[in-house]
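10 protein chains.
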Amino acid sequence: MLFLARMDVSFPAHLTAEQVADFQVREKAYSAQLQESGKMQGIWRIVGEYANHSIYDVESNDELHEILSGFPMYAHMKIKVTPLAKHPNSIR
Amino acid sequence: MLFLARMDVSFPAHLTAEQVADFQVREKAYSAQLQESGKMQGIWRIVGEYANHSIYDVESNDELHEILSGFPMYAHMKIKVTPLAKHPNSIR
Amino acid sequence: MLFLARMDVSFPAHLTAEQVADFQVREKAYSAQLQESGKMQGIWRIVGEYANHSIYDVESNDELHEILSGFPMYAHMKIKVTPLAKHPNSIR
Amino acid sequence: MLFLARMDVSFPAHLTAEQVADFQVREKAYSAQLQESGKMQGIWRIVGEYANHSIYDVESNDELHEILSGFPMYAHMKIKVTPLAKHPNSIR
Amino acid sequence: MLFLARMDVSFPAHLTAEQVADFQVREKAYSAQLQESGKMQGIWRIVGEYANHSIYDVESNDELHEILSGFPMYAHMKIKVTPLAKHPNSIR
Amino acid sequence: MLFLARMDVSFPAHLTAEQVADFQVREKAYSAQLQESGKMQGIWRIVGEYANHSIYDVESNDELHEILSGFPMYAHMKIKVTPLAKHPNSIR
Amino acid sequence: MLFLARMDVSFPAHLTAEQVADFQVREKAYSAQLQESGKMQGIWRIVGEYANHSIYDVESNDELHEILSGFPMYAHMKIKVTPLAKHPNSIR
Amino acid sequence: MLFLARMDVSFPAHLTAEQVADFQVREKAYSAQLQESGKMQGIWRIVGEYANHSIYDVESNDELHEILSGFPMYAHMKIKVTPLAKHPNSIR
Amino acid sequence: MLFLARMDVSFPAHLTAEQVADFQVREKAYSAQLQESGKMQGIWRIVGEYANHSIYDVESNDELHEILSGFPMYAHMKIKVTPLAKHPNSIR
Amino acid sequence: MLFLARMDVSFPAHLTAEQVADFQVREKAYSAQLQESGKMQGIWRIVGEYANHSIYDVESNDELHEILSGFPMYAHMKIKVTPLAKHPNSIR
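Protein chains in written order, with UniProt numbering: chain H, 1 to 92; chain D, 1 to 92; chain E, 1 to 92; chain S, 1 to 92; chain A, 1 to 92; chain P, 1 to 92; chain C, 1 to 92; chain F, 1 to 92; chain G, 1 to 92; chain X, 1 to 92.
For the record, the hints were derived by calculation from the structure and aren't laboratory data. Predicted, not measured: the structure shown is a model, and the values here were computed from it. By construction, the Cβ of each residue, glycine as well, lies at the ideal position given by its N, Cα and C atoms. Among the hints, erroneous ones may be present.
[Claimed, not checked] Result set (DSS-like, lysine-lysine): computed pairs, CA atoms no more than 27 Å apart in a straight line:
1) G:Lys78 with G:Lys39
2) S:Lys80 with P:Lys86
3) S:Lys78 with P:Lys86
4) X:Lys39 with F:Lys86
5) S:Lys86 with S:Lys39
6) E:Lys39 with S:Lys78
7) D:Lys80 with X:Lys78
8) H:Lys86 with E:Lys39
9) C:Lys78 with F:Lys39
10) S:Lys39 with A:Lys28
11) D:Lys86 with H:Lys86
12) X:Lys86 with D:Lys86
13) A:Lys28 with A:Lys80
14) F:Lys28 with D:Lys80
[Stated by the list, open to error] Here are some of the chain P residues that sit facing chain S, going by a computed Cβ distance under 8 Å:
15) Val9
16) Ala13
17) Arg45
18) Gly48
19) Glu49
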């Protein structure tokens with residue numbers, strides 16, 4: 001079952017460059033693991049924005065929320081989720 | 001080069017059911033051809049809406065506009081395009 | 001798996017009162033069947049609007065889209081779907 | 001008399017993790033009591049967001065405001081309330 | 001129990017001046033009756049717009065929806081309802 | 001001459017509970033005086049929000065701005081004003 | 001007492017060029033009379049839009065609504081009114 | 001003096017394909033003349049939309065409005081104009 | 001050449017009352033000079049808001065930007081500019 | 001391949017005038033280099049706003065994101081990108 005997410009990152013002004021870098025390292029590891037497991041089907045940078053579109057393949061809404069809220073940067077992201085269904089014109 | 005599109009379909013009230021069905025047949029054929037050529041990487045129904053999210057892999061903005069404006073329902077769709085770049089956390 | 005929907009109905013101006021009444025009869029029957037099967041957990045009128053909030057319990061996004069697009073008035077409704085997960089403070 | 005609420009939580013940046021945890025403990029207790037009394041009919045997490053939808057069954061607008069403004073996190077929440085009426089298609 | 005409503009009127013283009021005038025006569029009578037019964041506490045024109053703000057004093061959400069959906073122009077109005085509670089600074 | 005206002009209060013995070021309480025005491029006194037003079041015809045809490053709707057009866061726009069900008073919390077409120085005219089359906 | 005208005009004109013598709021021209025003639029005459037009486041202090045075209053900003057000097061909200069609703073094109077305009085007060089930095 | 005415009009075209013449903021084609025022929029001629037005179041510095045299609053961004057170099061707001069309102073499709077376009085000034089980082 | 005501006009002032013929370021007062025003194029002087037030179041044709045307070053509408057008569061977009069960015073409070077204002085053209089119904 | 005960008009700059013309140021000036025110097029150098037290479041085709045100030053519109057000519061979305069995220073002020077800018085295609089009415 002697929003969902004499209006848009007995530008916008010916004011760090012509070014008081015974070016140090018080190019704190020931001022640490023967030024990014026942990027975020028990268030977390031994303032890699034999600035992709036390897038097949039839970040995250042893809043992630044793309046939105047050009048010019050500190051934001052991504054990503055697609056998730058999960059069993060349930062609860063699983064998706066668990067995944068999204070587990071992102072290291074979760075407290076600093078605004079996430080919008082769109083549930084996707086099979087399109088009649090898809091050949092896959 | 002990837003782009004995410006959101007397309008919302010809105011037919012004028014005076015179309016007959018036959019006209020709508022004809023649009024849908026032609027739309028399906030056009031979409032299939034785009035998918036087979038690899039230009040359209042995927043298309044999904046947005047749950048509860050006469051709308052889709054779809055991803056395109058094209059050489060240029062001009063090619064993308066040619067593809068989108070070629071949809072049989074183009075005159076009855078509102079399309080928003082988001083350019084996508086490689087995300088540093090993508091493992092692909 | 002639960003989803004909240006908001007549906008806003010908007011009939012085109014040319015529909016007759018009989019056509020609207022027919023839609024309403026069929027809509028009522030369809031809603032009743034969804035409630036009896038447990039697929040629709042509840043439906044409430046939004047005060048002052050030709051709109052409802054309703055909650056669905058389904059197995060998948062595909063099933064939800066099939067249910068929503070099966071509403072007799074589907075072509076005349078604007079639907080927004082919000083996926084719901086278990087809340088840590090829920091005692092149920 | 002039913003109302004749907006959407007609550008979005010946003011803590012100021014200077015709160016410590018302990019302060020946030022304390023808020024969450026008190027919030028959970030308050031929510032539990034509202035559910036046990038029947039005042040809160042349900043609460044669900046909006047997937048991917050620090051937000052909930054919840055349904056209240058109260059005697060009056062005044063009672064609802066008293067309940068909502070009594071949430072421990074009230075000062076850090078943005079709440080939107082939608083009054084609900086019986087839907088003609090509801091079988092309950 | 002008080003509610004503030006904002007109603008915006010929008011007639012379809014095909015209505016004749018007579019039909020509009022008839023709506024207005026019936027609307028005026030309906031409003032008068034609501035005011036005499038105390039259900040409508042006041043109604044004011046929003047300057048420059050075919051719209052009003054009005055205040056209702058009702059027993060329940062169901063009663064309010066029954067009143068609002070009973071307006072002769074209901075099918076041609078967009079209504080937004082805001083539930084009001086006692087303000088701590090009110091001296092009444 | 002009547003105006004409807006909506007006021008949303010938002011205190012900066014650094015205010016102490018004492019400062020907020022002091023604001024509220026002065027606000028209450030100021031509101032009481034406005035009501036006693038007939039300048040403020042009513043004030044109601046918007047359910048679930050730190051906001052009010054209030055109605056003013058003044059001689060001019062200048063008088064209204066003087067009144068609104070005199071609120072002790074003025075610097076921490078976002079105010080939207082709607083000018084009201086007599087409604088043809090009002091029986092008052 | 002001054003008010004700023006923004007008026008956006010939108011004619012229904014079925015009007016003939018003659019009907020539109022007739023509206024424009026009557027609108028021009030009405031505007032001229034308002035300017036000569038000093039009620040309308042100025043009117044300017046918003047560049048690129050079938051819209052204007054205009055400033056009114058009136059005794060009351062009721063007078064302003066009477067003036068605005070008297071425009072021949074009133075039924076085809078969307079009007080937003082902003083009440084203006086004396087600015088402390090104005091030297092007039 | 002430069003201005004950026006965004007123009008969105010929306011034809012009414014009753015136009016025939018011939019009428020639309022005629023509009024497009026006249027629009028093309030008008031645009032060519034504006035470009036040859038240097039008044040229009042550039043025009044680009046917004047990918048996926050029946051819309052353009054275009055840049056104008058004019059002597060005054062009046063001249064710009066005259067140019068924009070002279071487009072054959074003017075009655076069917078929604079135009080938004082943004083005034084541009086020299087940017088301190090521009091090397092031209 | 002005329003432009004309408006709307007300016008919304010928002011001071012950061014850490015400014016002292018003295019700093020705000022100093023801004024206001026300098027702003028008043030700057031505004032007076034603009035009015036005396038005829039560059040600013042008028043300035044009005046928006047009732048209930050820390051905001052103004054003002055009208056400028058300038059030779060070019062560059063001159064307008066120079067004027068607006070010269071306001072002492074410029075860094076704390078959000079400004080929206082609307083270019084105005086002569087209206088055919090204006091008698092001036 | 002062309003893209004239009006709109007960039008809005010918003011510095012956090014704690015930056016010193018020196019830090020802002022340093023950002024501006026580096027931004028100017030970066031912009032100059034982009035213009036000299038032909039990657040940035042133009043940049044204009046939006047009148048009255050700390051914002052610009054700029055046009056980029058790049059080979060790919062990835063190159064555009066690299067350019068945009070390389071701006072010294074990138075962390076303090078909100079950027080919106082619009083992909084542009086050749087317009088049929090362009091004579092270039």
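Hint by hint, here is what the structure shows:
no. : hint                 : in the structure
1   : G:Lys78 with G:Lys39 : holds, 20 Å
2   : S:Lys80 with P:Lys86 : violated, 30 Å
3   : S:Lys78 with P:Lys86 : violated, 34 Å
4   : X:Lys39 with F:Lys86 : holds, 19 Å
5   : S:Lys86 with S:Lys39 : holds, 17 Å
6   : E:Lys39 with S:Lys78 : violated, 31 Å
7   : D:Lys80 with X:Lys78 : holds, 19 Å
8   : H:Lys86 with E:Lys39 : holds, 20 Å
9   : C:Lys78 with F:Lys39 : violated, 32 Å
10  : S:Lys39 with A:Lys28 : violated, 39 Å
11  : D:Lys86 with H:Lys86 : holds, 25 Å
12  : X:Lys86 with D:Lys86 : holds, 25 Å
13  : A:Lys28 with A:Lys80 : holds, 20 Å
14  : F:Lys28 with D:Lys80 : holds, 25 Å
15  : Val9                 : violated, 11 Å
16  : Ala13                : holds, 4 Å
17  : Arg45                : holds, 6 Å
18  : Gly48                : holds, 4 Å
19  : Glu49                : holds, 6 Å
Hint violations for this structure: numbers 2, 3, 6, 9, 10 and 15, all remaining hints satisfied.
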